[in-house]
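Engineer: Guided by the hints, dock chain B onto chain A, whose structure is given.
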Amino acid sequence: GAGVSQTPSNKVTEKGKYVELRCDPISGHTALYWYRQSLGQGPEFLIYFQGTGAADDSGLPNDRFFAVRPEGSVSTLKIQRTERGDSAVYLCASSSSSGGVGELFFGEGSRLTVL
Amino acid sequence: AQSVTQPDIHITVSEGASLELRCNYSYGATPYLFWYVQSPGQGLQLLLKYFSGDTLVQGIKGFEAEFKRSQSSFNLRKPSVHWSDAAEYFCAVGAGGTSYGKLTFGQGTILTVHP
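If you're matching them up, the sequences are chains A and B in order.
Under my numbering, the first residue of the first sequence is numbered 1, with each subsequent residue one higher.
Under my numbering, the first residue of the second sequence is numbered 1, with each subsequent residue one higher.
Label pairs and their computed distance ranges (CB to CB):
1) B:Glu64 / A:Arg81: 38 to 48 Å
2) B:Leu46 / A:Pro70: 22 to 32 Å
3) A:Phe66 / B:Pro115: 44 to 54 Å
4) B:His10 / A:Gly72: 39 to 49 Å
Simulated from the structure, these hints should not be mistaken for laboratory data.
Remember, it's a predicted structure, so these values are computed and weren't measured experimentally.
We treat Cβ as the ideally placed atom computed from N, Cα and C, and that holds for glycine.
The following block holds chain B by itself, in its conformation from the complex:
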């Protein structure tokens, strides 16, 4: 069975600092990997996704993530955090194909940004 682990429940950074959110997955085949962001009062929004090809993927809002098969990781990064990035971030893995929307999510990482 597939699973996702986000080791950090809560991360605090200063505005302008760099950010890395960790994600480790367990999946038997080539995974489809996603990062979503959830802000209060808003639905989950897709930041970026990886299916194949270049292991460094770019997303919206200046985020990027790197797929490392050897480490079963898909960490999310941003070089300079803005106060508006404060939210909860979820990593997810899926099987693709006709089941592409059947995702397994991690527990989430809450990001707090200090001015």
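Just chain A, with the same shape it has in the complex:
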């Protein structure tokens, strides 16, 4: 597709379970970002990849959260031992620039609900 694709669009899980959220960026985009948007809030930065490596993971809230991008394209956000407070929309964005003034293109997000 032409845009950033995120799957699943909705995920309902039980407290304590493990979840994976997938992001397929725009083809050729080297930079990939994960954000989290809680209800009534703006998006909050989680982690940024440049190619395969995590250039900045300072926004990950704790060690239950982990993200990978093994081939420099698709990325997976992994959440272990989910808690009710993890409920949010997880947004992925990609960009073609490694620096400067590149535009971020966002996906529609994956809505995670932890019961």
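Structural biologist: Chain B only, in chain A's frame:
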């Protein structure tokens, strides 16, 4: 630490009326400033951005914003609102450079347009 404040959680205007959405930021250096729009079922879309130069920037869909360093503001304006402008609007600030995509967002302003 950088921060963004959008003082208005919800604004209602009549179609054809002018619009101004407020944004105040806190940042230690020259900021990179953005306005994004989020419509239901769609990803965040960039309306406009400011990095340097002319303090009045033009964006898509007839929007403009003015950077005022003395007031730490970056307000979004549109002279005549259309019903399709109803959405949530987010102001964001970034550091630029290799961290250009690591943005701090405001809480958002929900715009309702009455016919």
